[in-house]
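Now that you have both chains on their own, put them together as the hints suggest.
Chains A and B are the protein sequences, given in the same order. Each residue of the first sequence is one higher than the one before, starting from 0 at the first, in numbering that gives the first Met the number 0. Each residue of the second sequence is one higher than the one before, starting from 0 at the first, in numbering that gives the first Met the number 0.
Worth flagging that the hints you see were computed from the coordinates, not collected in a lab. From a predicted model like this one, the values you see are computed outputs, not experimental measurements. The reader is advised that the hints may include incorrect statements.
Straight line, CA to CA, 25 Å or less: simulated BS3-like cross-link-like pairs of lysine-lysine [said to hold, decoys possible]:
| hint | chain 1 | residue 1 | chain 2 | residue 2 |
| --- | --- | --- | --- | --- |
| 1 | B | 86 | A | 6 |
| 2 | B | 173 | B | 184 |
| 3 | B | 109 | A | 17 |
| 4 | A | 6 | B | 109 |
From the derived model, a few chain A residues whose C-beta atoms are all more than 10 Å from chain B [unchecked claim]:
| hint | residue |
| --- | --- |
| 5 | 42 |
| 6 | 62 |
| 7 | 71 |
| 8 | 117 |
| 9 | 118 |
| 10 | 121 |
| 11 | 130 |
| 12 | 164 |
| 13 | 186 |
| 14 | 188 |
| 15 | 203 |
| 16 | 218 |
Beta carbons are placed, not taken as given, at the ideal position from N, Cα and C, and that holds for glycine.
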Amino acid sequence: MALLQAKDQQYITDEFAKILVHPVKLVVFTQDTDCEYCQDTRQITEEVAALSPMVSLEVRDFNADKALAIQYGVDQVPATVILRGGDQPKDYGIHYYGVPAGYEFTSLIQDITMIGSGESGLSNATKQWAAALTKPVHLQVFVTPTCPYCPPAVVLAHKLAMESDLIRADMVEATEFPELAEKYDVMGVPRTVINDNFFIEGAVPEAALLKKLQSAIAN
Amino acid sequence: MFNLSQPETFDVVIIGGGPAGTSAAIYTARADLRTLVVDKGLTAGALGITGLISNYPGVPGPISGSELVATMREQAESFGAQFLVDKVVGIDLNADPKMIQAGTGTFFAKTIILATGSMGRTASVPGERELLGHGVSYCATCDGAFFREKAVIVVGNNDEALEEALFLTKFASKITLIVPTPEIKASLGLIDQLSAHQNVEIRLATRLLRVEGSGHVEEVAIRSRTGQEESIPTSGVFVYLQGGKPITDYLMGQLETSNEGCLRVDREMQTSIPGIFAVGDLLCSHVKQAVIAASDGVIAAIAAEKSLRGHKMLQTDWH
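This is chain B alone, in the form it adopts within the complex (with noise of 0.2 Å):
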């Protein structure tokens, strides 16, 4: 699956699409920088699971925060940006191009704007680190094949979680979605093609208590939205939760973390690496608001702007 989905190098690949990521595109674009913005879906961030917003300065609203993504995209590909649906699993920030390895492609970059949020986690759950590789996974692309003709449990209620069920059909018996909130916050179109699975089954607000098992995985324990905790026997747990910490995990270590695992950069963004910017939650800012982020992004796509063409003193743009 070698693919070279392009293999003229970016002058600007932004690794995130929410506010963040999306208002530095739409900086960078306009400036003809040529922008790739890799981003898992719109309902992967903070911001595309946020209900109604009613503070954005400029937005009156109420507007759900998906819509509010959605439109600064459009903005940003109106300038000619470019987006990319994928996940961004391998990254080498000190080649030169610098290399980011998507899931369907390998991108090069001149400059990189990290912009991956704080929705992530670390194992959590009773027995679910424990039995990691045993049974819990994280990827179905991975491991699905170890799970031929087994019932499954997958745990999450975003287009990823979806994706990943979806996948596992071709492959598992039985697959239970474990739907933490009363609703399931993925595209209707994925919904109705598991749904129209024979074998998937659908718990909606049930919340994963337990995985447990010998060696390998056996079973899990669910509390419903009744209140009653539940025993499912099951093979395999793929886990597609989110928290609240700052997603670093593609950078294998290339950029030093604080004790939260937050990025740290300079005023103009920068972080200790020449041409590696970071902005908005990654950075564990004392406020956590879009417009933040916003602002971040937009400082970053200046100073890369900047580090590309040269420029002594930042040139804003007043008109």
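So here's chain A without its partners, still in its complex pose (with noise of 0.2 Å):
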């Protein structure tokens, strides 16, 4: 049974018919045991990339394909990594861990129309402090999928992660990840950790994160 209804696939299929000027590519890392969610991340993600012909989607085995994970980054599974395609390949460093579920569905269809527009949207403020960067950032944006707060921190660390190669960002589903989230101390969402020691607790404004990242980095 298809997850998307039928409303919403005609509109996300409009929408990326209007942005996308990119070839955008998922990379989905699953395993067949242990892990719950394993296949709803893989139908989640077949489903959209049906909507468009320049969306596609590969889908690998974490334990066959672990060069490619280390490639990428990935550690973790159920894991969707969003790249742009096509003859010019890019990896942001943009991560999903977990399901892409329930609310974190909007930031998935949000991240795929910015890979393909080829423009974050970030302020030119942002993207020079982005662009001066010589140490790297690691953002993990915790979430849960019933948190309406959630994609607005999510997208906005997947797009500063878009403007620098130093900087790679995560959204982490707390639930899925329980160690994780008991790692970093989560008790509420969304909570983004920077640098495993830097925290901030809520949807900020940009502005905001910008002044605590570049606190963050001070130290």
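Take a look at the structure:
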């Protein structure tokens, strides 16, 4: 049974047709056992990829394709990596750990339109900061699928990853990865972890995240 | 849950269904503009919790605030305005068309009238700010899963507090509802539903004094109607209290606010972004009364119509 309703399929098809100028590739890592949401992740990404000739999907086995997983920096499943596809492929360091379902489905669609348009939509001030970065930044945005405030935090982190090769950004679905949630003391979402040691609660505007990033990098 | 409730773009989406938003809806709907009002519920706003009103012009009363709002809503609906009980969680004022994300779906609008009032607050209870994200939460649907089989506290007295408490019954082993007023100001149906749960305890006329814990929430201090201070061990505190600050958090900084958090508009209620209007208590007007909010709403409605239909001059409706 399709997960997407017909009217939503039509809307996304039209948006993709209007906006996508660059090809977008989704690479999904799954495994057959011990992965409760691998099948759902596969189904969601298959349905989305079917809505545009500009979006392609590759499904890989996490164990059999270990080398590829390492190349993309993927260390658990289910994982979805969103790349620019086609002749000039590019890995922006944009990941989803856990099924992009519930409210996070909108993040997935927004990320595809962002990469397909070639434009992150960030302000000039943020773009300048990202361009001047000399140290790596790892953002992990913890979410739950029923959290309506989480997608803006995820999308903002992914926009930053698009702007700089030094920035990687993961959505992490907290209930699927409880050990990670415990490691970073996640009891409320969205919670963004910056380079393992700095934290920001809630979905904050771009300017506020930039300020926090600046102080996190300085330390 | 991607849910495009209605892909067709509304002419006007009004956020907040109090006297400001609903009066605007009366005018825009009557002018045949496709109008949607998104509102958290009859008990969410200042008028909704006001006891008895006898000085609203044209309404001798006494009438309760929620009855007055309900009457205004029926009037707006009679002209074709649609009302949705929901909370706006995100908005893009600069997109074209403008995008509003509510809990249950995404909507598009050519113009938006912001009418969310000033029942907002910032963290004010000792321990609340420090332990936010470590047991203190403002969103049960977001964070409920982290409190499976644990005891939690919910603080509040309106529809939102009760709905969130109901959601938590799926996860928590025990829920204590701390109600700051002698009565719960929510719909009876909700009160009955919540009271029917075995693991829910309701404490009326009780104040939350402190949230305590080292690193995460461990207990709360409350003062009950007897005046006694008490400690309740708990893992989570979900706070749905109301205050006196303009509610602008969902704008995510897209509009500038004054130091007090108020929005700025011109004489036609237009903000700095074309097609975005703000009315009522959001403006922190000198006089905060329902009839003032209503007049703001009407000015914005007429200005919105003008911006959509390109009238050079305001056309007033005398009949």
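Structure-based check of each hint:
no.	hint	in the structure
1	B:86 <-> A:6	23 Å, holds
2	B:173 <-> B:184	22 Å, holds
3	B:109 <-> A:17	19 Å, holds
4	A:6 <-> B:109	21 Å, holds
5	42	14 Å, holds
6	62	29 Å, holds
7	71	25 Å, holds
8	117	18 Å, holds
9	118	14 Å, holds
10	121	13 Å, holds
11	130	23 Å, holds
12	164	27 Å, holds
13	186	5 Å, violated
14	188	5 Å, violated
15	203	8 Å, violated
16	218	20 Å, holds
Violated hints, listed in ascending order, are 13, 14, 15; each of the other numbered hints is respected by the structure.
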